[in-house]
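Protein chains: 2
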Amino acid sequence: MNLMQGSLLMALASAVLLWPQTVSAQVTNSSPVTAEAVLQIPKVDYRKQWVQIGSVSSLAEKSDEGSKQIDTTYIERENLERYLRDGKFPDGTVLVKELLVTKTEQLTTGKISYAAGDVIGRFVLVKDSEGKLGSGPRFGDGWGWAFYKGNETTKTVTGDFKVDCVGCHQAARGDDMVHVRLYPLLKR
Amino acid sequence: MNLMQGSLLMALASAVLLWPQTVSAQVTNSSPVTAEAVLQIPKVDYRKQWVQIGSVSSLAEKSDEGSKQIDTTYIERENLERYLRDGKFPDGTVLVKELLVTKTEQLTTGKISYAAGDVIGRFVLVKDSEGKLGSGPRFGDGWGWAFYKGNETTKTVTGDFKVDCVGCHQAARGDDMVHVRLYPLLKR
Numbered sequence: 000m001n002l003m004q005g006s007l008l009m010a011l012a013s014a015v016l017l018w019p020q021t022v023s024a025q026v027t028n029s030s031p032v033t034a035e036a037v038l039q040i041p042k043v044d045y046r047k048q049w050v051q052i053g054s055v056s057s058l059a060e061k062s063d064e065g066s067k068q069i070d071t072t073y074i075e076r077e078n079l080e081r082y083l084r085d086g087k088f089p090d091g092t093v094l095v096k097e098l099l100v101t102k103t104e105q106l107t108t109g110k111i112s113y114a115a116g117d118v119i120g121r122f123v124l125v126k127d128s129e130g131k132l133g134s135g136p137r138f139g140d141g142w143g144w145a146f147y148k149g150n151e152t153t154k155t156v157t158g159d160f161k162v163d164c165v166g167c168h169q170a171a172r173g174d175d176m177v178h179v180r181l182y183p184l185l186k187r
Numbered sequence: 000m001n002l003m004q005g006s007l008l009m010a011l012a013s014a015v016l017l018w019p020q021t022v023s024a025q026v027t028n029s030s031p032v033t034a035e036a037v038l039q040i041p042k043v044d045y046r047k048q049w050v051q052i053g054s055v056s057s058l059a060e061k062s063d064e065g066s067k068q069i070d071t072t073y074i075e076r077e078n079l080e081r082y083l084r085d086g087k088f089p090d091g092t093v094l095v096k097e098l099l100v101t102k103t104e105q106l107t108t109g110k111i112s113y114a115a116g117d118v119i120g121r122f123v124l125v126k127d128s129e130g131k132l133g134s135g136p137r138f139g140d141g142w143g144w145a146f147y148k149g150n151e152t153t154k155t156v157t158g159d160f161k162v163d164c165v166g167c168h169q170a171a172r173g174d175d176m177v178h179v180r181l182y183p184l185l186k187r
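Protein sequence lines, in the order shown, are assigned to chains A and G. With numbering that gives the first Met the number 0, you'll find the first sequence wraps up at 187, consecutive numbering, no jumps. With numbering that gives the first Met the number 0, you'll find the second sequence wraps up at 187, consecutive numbering, no jumps.
Incorrect hints may appear among the rest.
Computed cross-link-like contacts, DSBU-like style, restricted to lysine-lysine with a CA-CA straight-line distance of at most 35 Å [stated by the list, open to error]:
#	chain 1	residue 1	chain 2	residue 2
1	A	Lys110	G	Lys102
2	G	Lys186	A	Lys61
3	G	Lys61	A	Lys42
4	A	Lys42	G	Lys154
5	G	Lys87	A	Lys131
6	A	Lys110	G	Lys96
7	G	Lys47	A	Lys87
8	A	Lys87	G	Lys42
9	G	Lys131	A	Lys161
10	A	Lys47	G	Lys87
11	G	Lys87	A	Lys87
12	A	Lys67	G	Lys131
13	G	Lys131	A	Lys186
14	A	Lys42	G	Lys148
15	A	Lys96	G	Lys131
16	A	Lys154	G	Lys47
17	G	Lys42	A	Lys42
18	G	Lys67	A	Lys67
19	G	Lys96	A	Lys148
20	G	Lys61	A	Lys87
21	A	Lys61	G	Lys42
22	A	Lys87	G	Lys67
23	G	Lys42	A	Lys186
24	A	Lys161	G	Lys47
25	G	Lys161	A	Lys96
26	G	Lys154	A	Lys61
Residues from chain G that face chain A, not an exhaustive set, calculated with beta carbons under 8 Å [what the hints assert, rightly or not]:
#	residue
27	Val43
28	Val55
29	Leu79
30	Arg81
31	Gly133
According to the in silico footprint, chain A covers these stretches of chain G (three or more CB under 8 Å from chain A) [stated by the list, open to error]:
#	segment
32	31-40
33	65-74
34	144-158
35	172-186
No lab work stands behind these hints, which were simulated from the structure alone. In this text, a Cβ means the ideal position worked out from N, Cα and C, and glycines have one as well.
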């Protein structure tokens with residue numbers, strides 16, 4: 000490999016590394032494949048039966064349009080209690096993060112944005128510290144990783160988690176890859 | 000009463016009527032008094048044990064500062080199920096709405112805001128269609144009404160609900176005074 004090829008490879012590697020954060024925000028885009036069962040959207044009615052640990056509002060490109068998206072994250076209550084007690088997520092913990100389309104209204108009190116019902120997509124993270132729940136490109140760094148577009152529950156567009164997920168989660172490596180600061184209910 | 004006094008009274012009445020929407024946003028400001036027990040902040044850990052029905056993000060005055068506040072509303076699961084089945088809140092239903100201080104961060108993917116932990120205040124609404132749960136200035140229009148600043152749980156700053164609350168809830172009179180459109184989980 001000559002110097003020019005080396006530089007090109009470096010540039011390419013940087014582009015791949017930056018891609019999830021700079022281009023795609025929070026949506027991975029590999030070809031849809033049926034995910035491992037453990038990574039699929041939970042069959043229970045988690046919106047009513049689990050605990051919502053926090054909501055994150057994303058500002059629109061034109062900021063005076065308000066929030067373009069609200070994300071909400073759910074966990075089973077027992078796993079939350081164990082996290083609060085032990086400081087770590089027990090194996091098998093499932094986190095579901097929904098990306099929700101918003102509506103924005105101008106009220107006399109100011110501009111508000113709220114989830115209008117449609118789901119952009121959903122992330123699933125499954126804690127697997129010992130690598131016993133799965134293997135392959137969607138497992139690693141102590142978790143299983145999958146993203147589903149819209150209301151899809153089984154066919155994921157996550158290929159290799161290192162390409163599709165780690166870009167955004169790298170900054171949270173010190174907190175077991177989870178952005179705990181975003182979630183008031185994870186405060187210990 | 001002469002014409003001038005009449006006009007003055009009308010202007011005053013309008014000012015009082017508009018006050019909750021134009022000046023105070025979502026915080027009532029009467030002198031603190033101990034609220035009726037049924038209106039006090041629930042003693043259970045509703046953040047983990049109840050269902051969160053939705054989050055509302057309020058844009059900062061300078062819109063490029065992101066969201067200044069995120070509000071989240073909780074209901075007991077059984078009362079939510081009955082609302083979804085019957086289309087009305089059963090008597091005794093408690094809604095708790097928290098107003099949360101946000102932090103805003105510029106990420107490479109855009110600007111996000113999230114609840115940073117501090118509570119600006121909390122609203123409590125208690126369904127009382129037959130007026131059996133309480134009486135006086137904090138009861139009427141089918142509900143009991145109270146607001147608590149910060150982490151206060153018993154001393155409310157709500158005086159007369161018609162002055163302190165109805166301004167913002169008037170627009171939802173057709174939905175039993177609740178802004179159901181803000182809450183995806185109330186969709187029937």
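Checklist entry - Honestly, which of those hints from before does the structure not fit? => result Hints 3, 4, 5, 9, 11, 12, 13, 14, 15, 20, 21, 25, 26, 27, 30, 31, 32, 34 contradicted; others consistent.
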